[in-house]
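*Asks:* Below are the chains, spelled out letter by letter.
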Amino acid sequence: MTDMPISTAPKRSLYAQDARTKKRNRAEARFRTYGMAAVLTGILALIVLLTSILGNGLSSFRQTYISYPIELAAERLDPEGNRNPEEMASVTTFGYVPVLAMSLQAFLEGEGIEHSMGGRELAAMLSEEAPAQIRNMVLANPDLIGTTIDAQILVGGRIDGFFKGRVTMESAERDRNVSVAQLELAQVLADLGIVETRFNWDFITWPDASGSRPEAAGLGVAIIGSFYMMLVVLALALPIGVAASIYLEEFAPKNRLTDLIEVNISNLAAVPSIVFGILGLAVFINFMNFNQSSPLVGGLVLTLMTLPTIIIATRASLRAVPPSIRQAALGLGASKMQSIFHHVLPLAMPGILTGTIIGLAQALGETAPLLLIGMVAFVREYPDFLSTHSNTFPLMGDGATALPVQVYSWTQRSDPAFVERASGAIIVLLVFLLMMNLIAILLRRRFERRW
Amino acid sequence: MEDGNVNDMSGIDQGVAVTGTKMKARGVDVFYGDNHAIKEVDVDIADKTVTAFIGPSGCGKSTFLRVLNRMNDTIDICRVEGDVTLEGEDIYDPKVDPVQLRAKVGMVFQKPNPFPKSIFDNVAYGPRIHGLSRNKSDLEEIVEKSLRRAALWDEVKDRLNAPGTGLSGGQQQRLCIARAVATSPEVLLMDEPCSALDPIATAQVEELIDELRSRFSVVIVTHSMQQAARVSQKTAFFHLGNLVEFDDTDTIFTNPSDPRTESYITGRIG
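In order, the protein sequences belong to chains A and B. My numbering applies: residue 3 is where the first sequence begins, and numbers increase by one. My numbering applies: residue 54 is where the second sequence begins, and numbers increase by one.
What the hints contain is simulated information worked out from the structure, not anything from laboratory work. One or more hints might be untrue.
[As the list claims (entries may be wrong)] Here are the simulated lysine-lysine pairs, BS3-like style, with alpha carbons at most 30 angstroms apart:
| hint | chain 1 | residue 1 | chain 2 | residue 2 |
| --- | --- | --- | --- | --- |
| 1 | B | 164 | A | 256 |
| 2 | B | 210 | B | 148 |
| 3 | B | 157 | A | 13 |
| 4 | B | 148 | B | 92 |
| 5 | B | 92 | B | 77 |
| 6 | B | 157 | A | 338 |
Here the structure is a predicted model, which is why all the values come from computation and not from measurement.
Required output: the full structure, derived from the provided sequences and hints.
*Replies:* Right, dumping it as structure tokens:
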């Protein structure tokens, strides 16, 4: 055995890179470029998405109003002259249209503003919602009849679109719903400050409106519907999911049956959400006879959909707790349940919360299963979820809609103003998601501070 | 007075008389699935004595230690046969709740594993779940006594609310000992308590073990023969799942009767 070197590579300087090293370094540089390109693509996509949504949707938080004195003529609005609300209600919304139009015409004449339109064309500048607004005001307060009120009322969607750049003089020439004369008058009134575009809370608080009055369509019902569904999901999915994961992870014997359950839970997480909608339709509506499109049914369906996500996340975070903590507790004479609830669960809490919020966010944005249980309903009136009328439990009576479904149904309407509304609804949805993530981060911080 | 308790306990001389048998194991077999890990082991754990289990890696000494407080129950495939008694009561009797047993037979693990809570809560956890204190001052007294007994009080008395995980390795291990001591166990099992510690921390823990002997039976598993020689009065040598020899520590190290023991302690096997 002589002392031979293992290989006979020639001796090289450390300063000169050999071919292998160069190749390796090139490969690394290439990989870093790929990675950066991937990240940049993602960022670019995000920027495009946000600019398009914000560009289309932010204007839905602003709305154009016109303010002028409206003379509430008694002979039209209260023909009997006795201020009886029931008889006054017989004057329908259409009865208020001439009231508004005549007042506007009189106002323009009084101000000396010239225009070339007839009364009908002039009235068409106002929103179809405006007469209903005034009618509700009058019915709520009959003393207003006979007086002249200074009201701020909605203008039509096209006029509103003119001030937001959606409608132009050129497009108005081709549009049967708006005339150039109307736009010219609107511009004059805007210069005088009679027509103004301002921030619009009604977009968030008002219920949906029909296809011909996009200017009055709001998200109120959808927000409440989504909120109650999230409550149902949180109240059901979190305890059920965490209990199931703790049992499966800590107590269940490891055998064929639990293996089968585990595989099925993983598969359920990948099942298309519309399948859960069909399940909900069959079980909750057809079999259990719950009211369709009630928030409870929606919440139950979304709970089923969210459970696998929560269970998988919870099990993963339970598994990540070091076994030494369990042993320490058991070694001190803690029971299995004590060791889990005193030590393992608090340590797993950040992971569980993250999983739950991800599941909730997924549920908040889900549309498909809700379509199948009738939540795509057009809800014109605020539902009374918490009442127990007609022998139903709270959340089981009135139908509701949800934010993503509202987006879906608005994008289906013909008036281009609804594109703006749908984008605005997406912004609200994103704000909700951001808020939920913020809550998740705050909760995680709080639990992590317990070392 | 700060160090009064600790000093009192350290005055016990090495040659204290063995007062009787605390735990008795007869014909213990342990199986992990088909693997026969412990074969027909008989050991008596004497009261107020340090018993050391030595042997090469994988010889079953830790497994046997875990037989003594039924920690093996937490492993699904593990099966224990034979008789193990604590003061004459069979600890594998179906009537015995392992949770109650573990309150009497405490355990300290190889790696320091304090709970991610405050130092106070770490020590107070055992007394709390076993209802050993009537009120808060009672609990504080138990915590102080336990920390003194683990020779940690002086180092942490000003920061009892600091996290236990923020202590150094040696302090953490002493905290774990304090935590085990706080439930007033009768037997204290230690599974290589010094293997993750530096020599200074090891010396502190060894000193502590010697002091603990005045109140508890201590059973210690160790890889270090020097440590066994230093801290124990009785030594059991395990090899390949068999108990080869069990005798006074002096006898094992100076005059072993089995050639395998001699080979091991002179460094030829293991």
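*Asks:* If a hint holds in the structure, say so; if it doesn't, say that too.
*Replies:* Right, here's what the structure says about each hint:
{"no.": "1", "hint": "164/B to 256/A", "in the structure": "holds (27 angstroms)"}
{"no.": "2", "hint": "210/B to 148/B", "in the structure": "violated (41 angstroms)"}
{"no.": "3", "hint": "157/B to 13/A", "in the structure": "violated (68 angstroms)"}
{"no.": "4", "hint": "148/B to 92/B", "in the structure": "holds (25 angstroms)"}
{"no.": "5", "hint": "92/B to 77/B", "in the structure": "holds (16 angstroms)"}
{"no.": "6", "hint": "157/B to 338/A", "in the structure": "holds (17 angstroms)"}
Of the numbered hints listed earlier, those contradicted by the structure are 2 and 3.
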